[in-house]
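Once you've looked at the hints, dock chain B with the ligand against the given chain A.
Protein sequences, first through last, are from chains A and B. Residue 1 is where the first sequence starts when you use this note's numbering, and the numbers rise one by one after that. Residue 1 is where the second sequence starts when you use this note's numbering, and the numbers rise one by one after that.
The hints are simulated quantities; they were obtained by calculation from the structure and are not laboratory data. Careful: at least some of the hints might be erroneous.
Said to hold, decoys possible - Interface residues of chain B toward chain A, partial, derived using beta-carbon atoms under 8 Å:
#, residue
1, 113
2, 134
3, 194
4, 197
What the hints assert, rightly or not - Below are the DSBU-like pairs computed for lysine-lysine, each with C-alpha atoms no more than 35 Å apart in a straight line:
#, chain 1, residue 1, chain 2, residue 2
5, B, 199, B, 179
6, A, 296, B, 5
7, A, 144, A, 348
8, A, 404, A, 115
9, B, 241, A, 387
10, B, 90, A, 387
11, B, 179, A, 315
12, A, 315, B, 199
13, B, 5, A, 404
14, B, 213, B, 154
15, B, 199, B, 241
Stated by the list, open to error - DEER-style ranges, computed between Cβ atoms:
#, chain 1, residue 1, chain 2, residue 2, range
16, B, 224, A, 97, 34 to 40 Å
17, A, 97, B, 234, 37 to 43 Å
18, A, 188, B, 234, 16 to 22 Å
19, A, 268, B, 53, 26 to 32 Å
Positions of the beta carbon are idealized from the N, C-alpha and C atoms, including for glycine.
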Amino acid sequence: MITLIKNGHVVDPSQNIDGPMEILIKGRKIEGLYPKGKAPEAEKIIDATKCFVIPGLVDIHTHLREPGFEYKETIETGTRSAVRGGFTTVCCMPNTDPVNDNVAVTEFILDKAKKYGSCTVHPIGAITTGSNSEELTELQALIKAGCIAFSDDGRPVTNSQMMRRALEYSKIFDVPVISHCEDLQLSEGGVVNEGFVSTIVGLKGIPKAAEETMVARDLSLCELTGGKLHIAHVSTAGSVNLIRNAKSRGINVTAETCPHYYNLTDEAIISYDTNLKVNPPIRTAVDVEAIKEGIKDGTIDIIATDHAPHHFDDKQREFDSAAFGISGLETAFALSYHLVRHETIDLKQLITMMCITPSKIVGLNKGTLSPGADADIAVVNPETIYKVDSSSFLSKGKNSPFNKWTLTGSVEKTIAMGKVFDWSEK
Amino acid sequence: MIQSKDLLGIKELTPEEIYLILDTAAGFKDVLMRDIKKVPPLRGKTVVSLFFEPSTRTKTSFALASKRLSADFVNFSVSTSSVVKGESLKDTALTIQALGADFVLVRHASSGVPHLLSNILDISVINAGDGANEHPTQALLDMFTIQSYKKKFKGLNVAIVGDIAHSRVAKSNIYALTKLEANVRLICPPTLTPAEVDKLGVEVHHSLDKGLKDVDVIMALRLQLERQSKGFLPSLREYFKLYGLTADSVSHAKDDAIVMHPGPMNRGVEIASSIADGNQSVILEQVTNGIAVRMAVLYLLAGVKK
Ligand SMILES: [Zn+2]
Numbered sequence: 001m002i003t004l005i006k007n008g009h010v011v012d013p014s015q016n017i018d019g020p021m022e023i024l025i026k027g028r029k030i031e032g033l034y035p036k037g038k039a040p041e042a043e044k045i046i047d048a049t050k051c052f053v054i055p056g057l058v059d060i061h062t063h064l065r066e067p068g069f070e071y072k073e074t075i076e077t078g079t080r081s082a083v084r085g086g087f088t089t090v091c092c093m094p095n096t097d098p099v100n101d102n103v104a105v106t107e108f109i110l111d112k113a114k115k116y117g118s119c120t121v122h123p124i125g126a127i128t129t130g131s132n133s134e135e136l137t138e139l140q141a142l143i144k145a146g147c148i149a150f151s152d153d154g155r156p157v158t159n160s161q162m163m164r165r166a167l168e169y170s171k172i173f174d175v176p177v178i179s180h181c182e183d184l185q186l187s188e189g190g191v192v193n194e195g196f197v198s199t200i201v202g203l204k205g206i207p208k209a210a211e212e213t214m215v216a217r218d219l220s221l222c223e224l225t226g227g228k229l230h231i232a233h234v235s236t237a238g239s240v241n242l243i244r245n246a247k248s249r250g251i252n253v254t255a256e257t258c259p260h261y262y263n264l265t266d267e268a269i270i271s272y273d274t275n276l277k278v279n280p281p282i283r284t285a286v287d288v289e290a291i292k293e294g295i296k297d298g299t300i301d302i303i304a305t306d307h308a309p310h311h312f313d314d315k316q317r318e319f320d321s322a323a324f325g326i327s328g329l330e331t332a333f334a335l336s337y338h339l340v341r342h343e344t345i346d347l348k349q350l351i352t353m354m355c356i357t358p359s360k361i362v363g364l365n366k367g368t369l370s371p372g373a374d375a376d377i378a379v380v381n382p383e384t385i386y387k388v389d390s391s392s393f394l395s396k397g398k399n400s401p402f403n404k405w406t407l408t409g410s411v412e413k414t415i416a417m418g419k420v421f422d423w424s425e426k
Numbered sequence: 001m002i003q004s005k006d007l008l009g010i011k012e013l014t015p016e017e018i019y020l021i022l023d024t025a026a027g028f029k030d031v032l033m034r035d036i037k038k039v040p041p042l043r044g045k046t047v048v049s050l051f052f053e054p055s056t057r058t059k060t061s062f063a064l065a066s067k068r069l070s071a072d073f074v075n076f077s078v079s080t081s082s083v084v085k086g087e088s089l090k091d092t093a094l095t096i097q098a099l100g101a102d103f104v105l106v107r108h109a110s111s112g113v114p115h116l117l118s119n120i121l122d123i124s125v126i127n128a129g130d131g132a133n134e135h136p137t138q139a140l141l142d143m144f145t146i147q148s149y150k151k152k153f154k155g156l157n158v159a160i161v162g163d164i165a166h167s168r169v170a171k172s173n174i175y176a177l178t179k180l181e182a183n184v185r186l187i188c189p190p191t192l193t194p195a196e197v198d199k200l201g202v203e204v205h206h207s208l209d210k211g212l213k214d215v216d217v218i219m220a221l222r223l224q225l226e227r228q229s230k231g232f233l234p235s236l237r238e239y240f241k242l243y244g245l246t247a248d249s250v251s252h253a254k255d256d257a258i259v260m261h262p263g264p265m266n267r268g269v270e271i272a273s274s275i276a277d278g279n280q281s282v283i284l285e286q287v288t289n290g291i292a293v294r295m296a297v298l299y300l301l302a303g304v305k306k
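Bound-form chain A, shown alone (with noise of 0.2 Å):
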């Protein structure tokens, strides 16, 4: 099958394009790219008109929940949640039941993403076995089963040790290990940012301390061992000062933060809405502000969704007892490009966030449109507006903060894998 992009302006950083320009795909790959009217003959004509033609978007922290939370997520419906979001690679988080710490769990995801994934789907092992911080997993046969990088991720590795032993190990493969930056004591029965909020809610705080803490201890760990430490969902300031110094140090570090850290503030939780309800918790202001800051000058390399699907039950309920988490694959692209409508940034640097640095911190060759590149493409119209419906989601989690919002930038096409999607038709 031969299909053209056409009428629409593609923006692809890896190669210097931003222009009206034409996109054949033959098959699994991307054929050639052409000015207007040049391309060959195609089967099927995709209409990009009025429309931004990017790679596909890469996640690399989303939780599909399977195996053994099929109830939350599936890899099937996880992954046409990913591509209704534009995102054409998921790299999944391990903490499932079982947890990803040995090449069967591997095998299965990678087997049931093959049979009923949309998109490509790579999975993140665990760091240690069980992730319970005390004996490393097989590096070796994970990555050979398929794992991309590691993580404990829910938890942190809270024995400092087994963290310097894990970013030592893991330069062997010249794996990222992703850390989830929480210091469980300071953080114990917490479930909001501690503050005023706090206070008024009478919900008990996670002070940014627990965060920052723990980022501190793995920055000094990576600059100990030359390991390649990734930093998963940095939500605040302090945290964002602590990575730029470990960087202007040349520190080996990357980091991520998720748009629910820059378009919501903790005062939303005066609803005790448990969509709101998610680890690390919604900040501040002024973390707002200094993540912006962050995703501006390159101190925060990439923007994760940390999709965490959650049965309705698992969030109707006290907050106190709601699970943490939010669904975020749908909204992460409209809720990111408003960094660009606003100009914290550029449409090539979002895409570069969203796509070609992600690839590059997991080591993969996505995230570009060039010719014999996968076909992975995301049609985007920077000007429809639309009201969020978050049970209409194709997530089977439909915990959104954002449910009735009003977002500008719609994903209208999404191409996985040379396989079309159009959202526009219904």
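Only chain B with the ligand this time, still in chain A's reference frame:
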């Protein structure tokens, strides 16, 4: 008029609504002083208590308030109900509504539970204490008691002493007192001070003697004895030395200062017996006033159009 069908917290009330409740309570206090303490306004109405934390005092006070107004009072016993079988809070609440209740009184260890029920239910939800958020009827009865002694709130110096960080009573009182334009001082160790609480327009003191200087009202709080094991305090003995209300510390307050406590007291921990039982103590009056105030709340909420 009261605007909401629910009493979720003092945070949500206007000063006018607080005064309306206090004025209404004054009328019911007269009823309570009579020989026959029963009036008919809530005849045919049903009040159901849903307490996920034990509390004999608040529940009994509400039960008496309901009965004095001729309402039926039913206790939905959490320990023996299906809640322990894993029934969700939502299902329990809907069941109570389906049973025909007009009011549900809820107490829960998790903040925000009354708000959750308020969103689910059409009947009136009364917060009888949620986590470290609020205990509005306690604050209302405290305001009623203060008013009966001090006649006004504006300019009054009120000290709240103890574990502010975990206290819903303190929180509701802070909202009530600041809305009524009293000056509020919180006296507590730094480990038990809520984050950024000064933004509520209160002074924070870590020294009891300085904090109590020239106050008109002293409100003690109950200290949960397990705070010691969590590192908030080195020992109860040291806590009593630093923050216990004794004849000596209370002497820094005005001579006519009143001493309050929401109960139950830990004598020798937050308050010395000589103060609890002394002539400045109004602790038992608080209990009596509690019934009148809760009658007022039920009565006024019954009049709100749903
Ligand atoms: Zn995490």
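Legend entry - Outcome of range test on Cβ distance (residue 224 of chain B, residue 97 of chain A; 34 to 40 Å): This hint holds: roughly 35 Å between Cβ atoms.
Inset, instruction - Please work out if residue 179 of chain B and residue 315 of chain A have their alpha carbons no farther apart than 35 Å. - result: Distance ~34 Å between residue 179 of chain B and residue 315 of chain A Cα, so the pair holds.
Inset, instruction - Given the hint that residue 213 of chain B pairs with residue 154 of chain B, test it: the Cα-Cα distance must not exceed 35 Å. - result: Distance of about 18 Å is within 35 Å: holds.
Inset, instruction - For the pair we were handed, residue 5 of chain B and residue 404 of chain A, check the Cα-Cα distance against 35 Å. - result: holds (26 Å)
Inset, instruction - For the pair supplied as a hint, residue 199 of chain B and residue 179 of chain B, confirm whether the alpha-carbon distance does not exceed 35 Å. - result: holds (14 Å)
Legend entry - Agreement of hint residue 194 of chain B with chain A interface, Cβ distance less than 8 Å: holds (4 Å)
Legend entry - Distance restraint hint 26 to 32 Å, applied to the beta-carbon atoms of residue 268 of chain A and residue 53 of chain B: holds (27 Å)
Legend entry - Satisfaction of the residue 134 of chain B interface hint, Cβ to chain A closer than 8 Å: holds (7 Å)
Legend entry - Agreement of residue 90 of chain B and residue 387 of chain A with the hint, judged by alpha carbon distance not exceeding 35 Å: holds (28 Å)
Legend entry - residue 97 of chain A versus residue 234 of chain B beta-carbon gap, inside 37 to 43 Å or not: holds (42 Å)
Inset, instruction - Take the C-alpha atoms of residue 241 of chain B and residue 387 of chain A, compute the straight-line distance between them, and say whether it is at most 35 Å. - result: violated (59 Å)
Inset, instruction - Hold the hint about residue 113 of chain B up to the distance rule: shortest CB distance to chain A must be less than 8 Å. - result: This hint holds: residue 113 of chain B lies near chain A, its Cβ roughly 6 Å from the closest one there, short of 8 Å.
Hints 6 and 9, counting from the list given before, are not met by this structure.
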